[in-house]
Amino acid sequence: MLSPYRVLDLTTERGLLCGQILADLGADVVKVEPPGGSPARCLGPFLGDEPHPDRSLVWWAYNRNKRGITLDLERAEGQAILRRLAERADFLIESDAPGALAGRGLGPADLAAVNPRLIYVSISPFGQTGPKAGYAASDLTVMAASGPLFMAGDADRPPLRLSVPQAFLHASAEAAAAALIALHERHRSGLGQHVDVSAQQAATLATQSGSLAGAVGWIETGRVAGGASVGPITLRFVFPARDGHVSITLIFGASAGRFTRRLMEWVHEEGCCDTATRDKDWDHYFELLFSGQEPFAELDRVKQAVANFTSAKTKAELLAAALARGLLIAPVATVAEVVESEQLAARGYWQAVEHPELGRTFRYPGPFARPSAMRLVYRRRPPLVGEHNREIYAAELGIAESVLARLRTKGVI
Amino acid sequence: MADERPLADVKVVDLMWVVAGPAATRVLADYGATIVRVESARRPDACRTLAPFLTLPPDPEDSVLFHNMNAGKLMLALDLATPEGRAVALDLVRWADVVAESFSPKAMHAWGLDYESLRAVKPDLIMLSTCLMGQSGPLASLAGFGNLAAAITGFTHLCGWPDRPPAGPFGAYTDYIVPRYNAAVVLAALDHRRRTGEGQFIDLAQAEAALHFLAPAALDYTVNGRVQAACGNRDPEAAPHGVYPAAGDDRWIAIAVHDDAQFAALCDVIERPDLATDPRFATRAARLAHQDALDAHVTAWARQRDAHDAERALQARGVPASAVQNSRDLLADPQLAERGHFVRLTHPTRGTTTVEGSRFRLSRTPARMESAAPTLGRDTQYVLRTLLGYSEERIAQLSAAGVLA
Chain H
26 MLSPYRVLDL TTERGLLCGQ ILADLGADVV KVEPPGGSPA RCLGPFLGDE PHPDRSLVWW
86 AYNRNKRGIT LDLERAEGQA ILRRLAERAD FLIESDAPGA LAGRGLGPAD LAAVNPRLIY
146 VSISPFGQTG PKAGYAASDL TVMAASGPLF MAGDADRPPL RLSVPQAFLH ASAEAAAAAL
206 IALHERHRSG LGQHVDVSAQ QAATLATQSG SLAGAVGWIE TGRVAGGASV GPITLRFVFP
266 ARDGHVSITL IFGASAGRFT RRLMEWVHEE GCCDTATRDK DWDHYFELLF SGQEPFAELD
326 RVKQAVANFT SAKTKAELLA AALARGLLIA PVATVAEVVE SEQLAARGYW QAVEHPELGR
386 TFRYPGPFAR PSAMRLVYRR RPPLVGEHNR EIYAAELGIA ESVLARLRTK GVI
Chain V
467 MADERPLADV KVVDLMWVVA GPAATRVLAD YGATIVRVES ARRPDACRTL APFLTLPPDP
527 EDSVLFHNMN AGKLMLALDL ATPEGRAVAL DLVRWADVVA ESFSPKAMHA WGLDYESLRA
587 VKPDLIMLST CLMGQSGPLA SLAGFGNLAA AITGFTHLCG WPDRPPAGPF GAYTDYIVPR
647 YNAAVVLAAL DHRRRTGEGQ FIDLAQAEAA LHFLAPAALD YTVNGRVQAA CGNRDPEAAP
707 HGVYPAAGDD RWIAIAVHDD AQFAALCDVI ERPDLATDPR FATRAARLAH QDALDAHVTA
767 WARQRDAHDA ERALQARGVP ASAVQNSRDL LADPQLAERG HFVRLTHPTR GTTTVEGSRF
827 RLSRTPARME SAAPTLGRDT QYVLRTLLGY SEERIAQLSA AGVLA
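Protein chains in written order, with the numbering used here: chain H, 26 to 438; chain V, 467 to 871.
One or more of the hints may lead you astray.
[Stated by the list, open to error] Pairwise CB distance ranges (calculated):
| no. | chain 1 | residue 1 | chain 2 | residue 2 | range |
| --- | --- | --- | --- | --- | --- |
| 1 | H | THR339 | V | PRO628 | 22 to 28 Å |
| 2 | V | GLN847 | H | ALA337 | 37 to 43 Å |
| 3 | H | LYS435 | V | ARG585 | 46 to 52 Å |
| 4 | H | LYS435 | V | ASP758 | 44 to 50 Å |
| 5 | H | GLY423 | V | ASP758 | 41 to 47 Å |
| 6 | H | ARG388 | V | ASP758 | 52 to 58 Å |
| 7 | V | ARG830 | H | PRO76 | 39 to 45 Å |
| 8 | V | LYS572 | H | ALA346 | 15 to 21 Å |
| 9 | H | PRO141 | V | GLY784 | 54 to 60 Å |
| 10 | H | ALA371 | V | ALA766 | 51 to 57 Å |
| 11 | H | HIS77 | V | ALA748 | 22 to 28 Å |
| 12 | H | GLY69 | V | ARG830 | 49 to 55 Å |
For the record, the hints were derived by calculation from the structure and aren't laboratory data. Beta carbons are placed, not taken as given, at the ideal position from N, Cα and C, and that holds for glycine.
Taking the hints into account, I'd like the entire structure generated from these sequences.
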């Protein structure tokens, strides 16, 4: 869908996903790396646990459908080549420290002078301006600064992050949508602009608006492992199963109450709660709790009855019942269970991606969406270091072989 | 004056609810799109029962989550499950560029509002269907919220302490990932239509999109056969790396030390220069092997300090660190203030409310948050009369038939 557009992707591991979303949507994305390869190639895990720049699984995860070139942007000759590339690009995405590229004459204003249509996307921990713009950052510290960390984990332990880094993925995905808004605008004005994405702001979305509690005088969102708090009410979502855990949306109200009613009917059928417990007013149960008509201890008793019930069943039994009875239950799946899931297999989700350099084919997570007008296809495996140097420098920019050889010797490419 | 925002020409019928859908159309609204949300009092948005609230006990119009997800949108009260309601929906589709819905797959068919029916009245329509597991497959009909998608895609299992059951990330985690994919694919489809005249149907399974946030772990399994497990706050590439108690009740500081220079700076700040020369901590590999000892030293220092003071002291020396901020801290955060993150809006019945601003800036055509989220049915008259050109009689008939509720 985006095949007419060319993207220069200068990002480190903090922005790789943005270019990949555009590449999956069909854009021609050129990954620009320093000579020797991007530092993101040093991130594990690796194929066979052997550190190697072409075997980083973080690299593989976020660079398919891109071509790759190497270019030293610290040197004037490299900067000049980047300006030439920018002349014919629609987007440039970068995730350097704010101001770093401008310091090399490659900032938004510099490149707008070369190509006023260029959409220049900057992804950074805190945004390009402000008192924390220069902060050193890491996934953990950005999640701390933006709110989700405070709300996750066990009440008796420190706040907890996901064991797979997330903060810059939120920012990068946000950046892809932002870049396409700027593209839509360009059709009217003919002009590009600077898109400035803050990972801190992007990650506040993961607080489910708990970020606004202070602003409106609401109670802080406390940590409830496997659950959540709604003001004074503690909800539980993770329940034991015979072979692991399941997640149940055990909530109430005009829309969700019917699901809880059906669950309690099943719990009652199997003798795990009495009729009065089954027949509570689940549509108005929040109101009953908030008004004090229903003591919180009763909710605790309900949660315990559900836990006793689920702990005797397998995850598969509970999932089958969710489908048959219309319940809000799903297994807490391990990565292995996710990859082997029947649902994803039936949808043909996993994509076989051939790595000819290794003589092997690997299964990658599949397309993020299925648009009918153009399937999102995996056209290319992630590029090797400098794989498309010749194709782009010689064939597209028309740089003579002799000049290329000199640039290579000097370490510019 | 004409709206100069980027998406001022884009018209969306929003049949979505809760977060994964409405958060996407909220972004489009910030940048000028006209979004008509359709909601029926018979099936109100579950958001309305979710915190934070303006008051306690909460009224359905008091959910600040609902306010935040729906600022800048119009609201039509309409019962889609009636023939008259369907007729109004089809007129809306004729008006729209995009229809986005997040029901489970059978619902739109049951109402005669599936893509084929809608395309019959609007051939170049872009329709986004975004449900938990996608439009096909054995689990297609699995209803649910993002906490279920987070569980079934592996996020819940990958957030926890090694000695405890999975804690899971906060809330309905996939709902916080998917909006960006929803927005991006709709914008790409609009671009495609502009060039080709062609509309399309988009099936976006929330589980499938969200899985990209776990792609390295998924590949570790498909490539290496390894099943990654939750490891608390530890990191395979950095040590010390954790969340340490600070002075005060439930106050914490997050610190992540990635290299030798950051470690040397940390040792200075915590007034333990001896640790910098201790062979147990001389290299990153050594520090990773002796994390418990390191954590004890950092904890001893952090406990005595205000979390924000500790953050500033470490940042002054280039060590990644942040106080673990709660919502009061966010409100007082000078960085978020500089970015205009908190926006106060006049609420139709509640005085004022606060929403979050755009999470990014466009230098020439910035976002504008102008109106608070609509109350149920607030814009029914405007949508029917002004956008669809209905007569007073037609509106009165619909109202009498109970369709506009």
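### Query
Which hints from the list above does the structure break, by number from lowest to highest?
Numbers 2, 3, 5, 6, 9, 12 - these are the hints that the structure violates, sorted from lowest upward.
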